[in-house]
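Enquirer: Chains as they are written, first to last, in my numbering: chain A, 2 to 336; chain B, 2 to 336.
Derived by calculation from the structure, the hints in this document are not laboratory data.
Keep in mind that a hint or two might mislead.
Repeated chains share a single entry, so a pair holds when one copy, or any two copies, can fit it.
As a list, the in silico EDC-like pairs of lysine to aspartate or glutamate whose alpha-carbon atoms are at most 20 Å apart [unchecked claim]: (1) Lys289 x Asp70; (2) Lys7 x Glu137; (3) Lys289 x Glu335; (4) Lys182 x Asp272; (5) Lys289 x Asp227; (6) Lys237 x Glu153; (7) Lys164 x Asp38; (8) Lys264 x Glu153; (9) Lys237 x Glu172; (10) Lys264 x Asp100; (11) Lys238 x Asp223.
Number of protein chains: 2
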Amino acid sequence: MSKELKKKLLSMVGKDLEKIENALHENLAPNISLVSDIAGHLLFSGGKRLRPLLTLMCGRLCLYTNNSDSPNNDAAIIKFSTIFEYLHAATLLHDDVVDSADTRRGRDAAHTRWSPAMVVLTGDYLLASSLSLAAETEIPALIKVMAGITEEMSQGEIDQMEKKGNIHLTEKEYLEIIRRKTAVLIQGACRSGAILTNAQPVQQNALDQYGYHLGMAFQMADDLLDYTSDTTTLGKKTGADIREGKLTLPLIHALSKADTKDKALMESIIDNPCFSDHDFNEIVNKIKHYNGIDFTLERAGFHVNQAIKCLDAFGECSAKKVMLMLAEYAIKRES
Amino acid sequence: MSKELKKKLLSMVGKDLEKIENALHENLAPNISLVSDIAGHLLFSGGKRLRPLLTLMCGRLCLYTNNSDSPNNDAAIIKFSTIFEYLHAATLLHDDVVDSADTRRGRDAAHTRWSPAMVVLTGDYLLASSLSLAAETEIPALIKVMAGITEEMSQGEIDQMEKKGNIHLTEKEYLEIIRRKTAVLIQGACRSGAILTNAQPVQQNALDQYGYHLGMAFQMADDLLDYTSDTTTLGKKTGADIREGKLTLPLIHALSKADTKDKALMESIIDNPCFSDHDFNEIVNKIKHYNGIDFTLERAGFHVNQAIKCLDAFGECSAKKVMLMLAEYAIKRES
């Protein structure tokens, strides 16, 4: 089911993804080869390009719906859509250093091949590249979106870091963390598609909300996969979150429902610095026992439905089809 | 001489510095207290506020010269001048992590009190804050200046890192490093004063060039102080550059003039990973012997004169006086 959906999606957006790929290469032409090496290592190692693809689809959806002759054509939208992939890659680089995670997208994390210092600076360079592109649009609204994203994300990262290892994290706190970590960027990428095509504020807001709900669903599904997938499919070791002291919804829900004995057991496992594979399996069993998986799937499903509703007022076109499929795919993917 | 000049300067800009200080506090009001702690540690530990002060002086200079009624009044210029202090602080934070320097402005470097991860994220937050302020101006030219600065600086940092320990660094390479490291930000701060007050392009360019030359002179003087000052006055250990493998102009010049024997001696000292205070004194003696100090002073003096010339076409006012004194002070200061 998930594989078929992916295949169908790829058949619809394959050509667009190619164009985005080319734009990512074209804009990333610094004078220093090492930057390209490090940035390229991450940028060109199989990312989904979800964010620029969304900018492009949202842009086309507005153009179609409004029958508009926006000053920005398809090529311009594709060019500026890369802003959100560079921004995404920049945060991933800094995250890798911050988390000292050692696997990202199935390859070595950048900072195990290069010094953390170099990775920090490359992240800065990618952030600067996305800022340069945003400045080039000369659209204040788009630049404000970008500024808002960077501010929320950096605050969110710091917040998440402070809450690491907190076994009393509430669902509400978790939702705020994933909003800032994932949803605001996807939200901004979607809104920018509308901004770039001069869409009305009501359409900008609708696509912003589509992006918000899609982002929430994506992150919840991501957090689920860390418990339910296997290392080969996922491209990184499962159980990474809990090993890093990050509580996510499946576990938060299970902890809230567990009886005193199980709760104490789970907390002692989480708190144990020598977390083994056996411990991980024990946690997974408890999560399943207390419906943490199903609850998370249900919450993610809610956001998918909300995302879909946000598209109601837009015209039926290929871009809309893709966006509906992406919403569905968010919680059905395997990696 | 230098102390008197400093006193006179402070008497002229003391009130403005207070206003800048207040603006720095007002804009730095994130929800998370830790960010304020880390950012505040660096931001409010005796920085010179040179960059926002220059934005303000350049803005006033243009207003005076053009007898202009710009939409931006003094308060708005002060508010947006903080962009360049936040940006500066962000780069210092990332630099500290990158260099693993352990003293900055006479206090512990931030990352020895907080984790490098937290310092990286706080740097990101300050960068985001400066971007938000820039976006708030809604002036594309100013946002382009900011984007250009971040791009050049991050490329420059990477370039400098790659060249660390290279004992064959040429004067030309050195000049490019300090241009990106220091001059572009000061240049951008000056140009932005002109942009914020709607000054003509020719005035924008003149102030941009004033900033460029001032920045070059400042960095050369900084690099000199690392050889000629003492640890107490400087607020950090002298000889830090050479210990980190960074060749600066005094040494580059001495190396280029040294005879074969002295050159070999100096290179063996620089290459020695166990660099002692005795070694440092030996290097300082050789630099003096081959006129590395005087040569650097002469080059810095050239840039000061160029900076002063850039102000020729502007009207005589208090802001211009300050800017002329700042140019003089650049190479006469003791820390």
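Enquirer: Now look at each hint and say whether the structure bears it out.
Expert: Hints and how they fare:
With identical chains, the CA atoms of Lys289 and Asp70 are never at most 20 Å apart, being 52 Å at best within one copy and 68 Å at best between copies. Neither within a single protomer nor between protomers do Lys7 and Glu137 lie at most 20 Å apart by alpha-carbon distance, with minima of 34 Å and 41 Å respectively. In this assembly of identical chains, Lys289 and Glu335 lie within 20 Å of each other by CA distance solely inside one copy; the values are 18 Å within and 67 Å between copies. With identical chains, the CA atoms of Lys182 and Asp272 are never at most 20 Å apart, being 24 Å at best within one copy and 44 Å at best between copies.
When the C-alpha separation of Lys289 and Asp227 is checked against a cutoff of 20 Å, the pair qualifies only within one copy, where the shortest distance is 14 Å, while the shortest distance between copies is 62 Å. For the homomeric pair Lys237 and Glu153, neither the shortest alpha-carbon distance inside one copy (26 Å) nor that between copies (34 Å) is at most 20 Å. In the homo-oligomer, the alpha carbons of Lys164 and Asp38 lie at most 20 Å apart only across protomers (17 Å), although the nearest pairing inside one protomer, at 33 Å, exceeds that limit. Proximity of Lys264 to Glu153 under the C-alpha cut-off of 20 Å is found in neither arrangement, the shortest distances being 33 Å within a copy and 52 Å between copies.
Neither within a single protomer nor between protomers do Lys237 and Glu172 lie at most 20 Å apart by alpha-carbon distance, with minima of 25 Å and 46 Å respectively. With identical chains, the CA atoms of Lys264 and Asp100 are never at most 20 Å apart, being 27 Å at best within one copy and 45 Å at best between copies. Taking CA atoms no more than 20 Å apart as the test, Lys238 paired with Asp223 passes inside one copy only; the shortest distance there is 13 Å, against 48 Å between copies.
Hint violations for this structure: numbers 1, 2, 4, 6, 8, 9 and 10, all remaining hints satisfied.
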